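Novice: Sequence:
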Amino acid sequence: MKIASFNINGIKARGAALERWLDAAQPDLAVLQEIKSIDDTFPRALIEDRGYHLETHGQKGFNGVAILSKLPLEDVTRGLPGDDDDLQARWIEATVSTPKGALRVVGLYLPNGNPVELDADGQPVPGGKYAYKLAWMARMEARLRDLLALEMPLAVMGDYNIIPQAEDAARPEAWRKDALFRLPSRQAFRRMLHLGFTDAFRAQTQGPGHYSFWDYQAGAFERNDGIRIDHILLNAYAADLLQHCQIDTAERAGEKPSDHVPIWAELAL
DNA sequence: ATGGTAGCACGGCTA
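Residue numbers (the working numbering): 534 to 802.
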């Protein structure tokens with residue numbers, strides 16, 4: 534089955550681009566980020582008319598995630614556990630059952646974390662965006678530990694807002710102090726990898742020049758001034774089923790594109 | 001240090 538992740542940057546503005554991509558790529562399952570819509574006003578027909586089941590976890594104006602799937606979505610949960618005061622819609626889970634076995638899927642939109650506010654000791658200022666990002670990642674690690682205990686194939690995918698390595702940015706120096714690349718962010722990401730996850734894209738493709746996001750400004754895409762921040766992480770059960778993983782770079786050249794492009798993986802399921 | 005673009009929704013935040 535083909536699973537994918539796509540930060541669409543606003544479902545209301547991205548209908549045509551999303552339809553184009555669904556018809557061309559034909560994913561069996563996809564997670565969407567930054568739908569920027571509440572559930573009631575999400576244009577469901579666009580997706581359901583193509584034979585997909587759809588589960589949304591929306592929010593007014595910002596954030597918002599969704600899962601669409603040709604197979605029924607079971608055991609759907611919304612929200613990242615660990616802080617009842619956190620109302621931002623950034624996390625959704627579901628299970629799909631295939632004749633060859635089941636797959637648990639996470640769709641996530643990890644906080645950006647900018648601007649980075651530090652105190653005199655260089656610690657993130659409590660209540661600031663960067664402190665929120667790191668606290669959110671700690672909660673995410675705890676949730677991943679619980680999901681790993683299920684001992685079934687698991688795909689954790691979305692907009693991580695993390696540049697894992699220097700080779701994942703065209704100009705790494707420009708990002709060195711940014712919340713997407715500074716060391717504590719990458720350390721928190723690595724801690725999660727070390728729980729036993731495989732970066733599906735890096736399991737298939739080595740070297741620089743592969744990006745999933747380009748700023749709308751200053752012709753960044755035309756200059757390939759991008760970063761790789763959309764990731765598919767697979768636990769060992771799922772990694773053993775990995776057949777392909779690619780970034781649909783061409784989507785960025787289409788009409789009215791998102792600033793992200795889809796990433797997808799083929800699993801032997 | 002600023003400005004450059006885009007979405008949501010109609011002001012100002014977020015990225």
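Some clues are possibly wrong.
[Stated by the list, open to error] Cβ-Cβ distance ranges computed for the label pairs, FRET-style:
| id | residue 1 | residue 2 | range |
| --- | --- | --- | --- |
| 1 | G543 | N647 | 26 to 36 Å |
| 2 | A736 | K593 | 20 to 30 Å |
| 3 | D572 | D608 | 13 to 23 Å |
[Said to hold, decoys possible] Result set (DSBU-like, lysine-lysine): computed pairs, CA atoms no more than 35 Å apart in a straight line:
| id | residue 1 | residue 2 |
| --- | --- | --- |
| 4 | K789 | K633 |
| 5 | K789 | K545 |
| 6 | K603 | K789 |
| 7 | K633 | K710 |
| 8 | K662 | K593 |
| 9 | K710 | K593 |
| 10 | K789 | K662 |
| 11 | K710 | K603 |
| 12 | K545 | K535 |
Just so you know, these hints were derived from the structure itself, not from any lab.
Remember, predicted model here, so these are calculated numbers, not experimental data.
All residues carry an ideal CB built from backbone N, CA and C; glycine is no exception.
Novice: Evaluate each hint against the coordinates.
Specialist: Consistency of the hints with the structure:
1. G543 x N647: 26 to 36 Å: violated, 19 Å
2. A736 x K593: 20 to 30 Å: The hinted range 20 to 30 Å is violated for A736 and K593, with Cβ atoms some 38 Å apart.
3. D572 x D608: 13 to 23 Å: Cβ of D572 to Cβ of D608: about 18 Å, so the range 13 to 23 Å holds.
4. K789 x K633: Roughly 38 Å separates the two Cα atoms, so the pair is violated.
5. K789 x K545: Judged against 35 Å, a Cα distance of about 12 Å means the pair holds.
6. K603 x K789: holds, 26 Å
7. K633 x K710: Violated - the C-alpha atoms of K710 and K633 are around 45 Å apart, more than 35 Å.
8. K662 x K593: holds, 19 Å
9. K710 x K593: holds, 30 Å
10. K789 x K662: holds, 29 Å
11. K710 x K603: Roughly 41 Å separates the two Cα atoms, so the pair is violated.
12. K545 x K535: Holds: K545 and K535 sit about 25 Å apart, inside 35 Å.
The structure fails hints 1, 2, 4, 7 and 11 (numbered hints given earlier, in ascending order).
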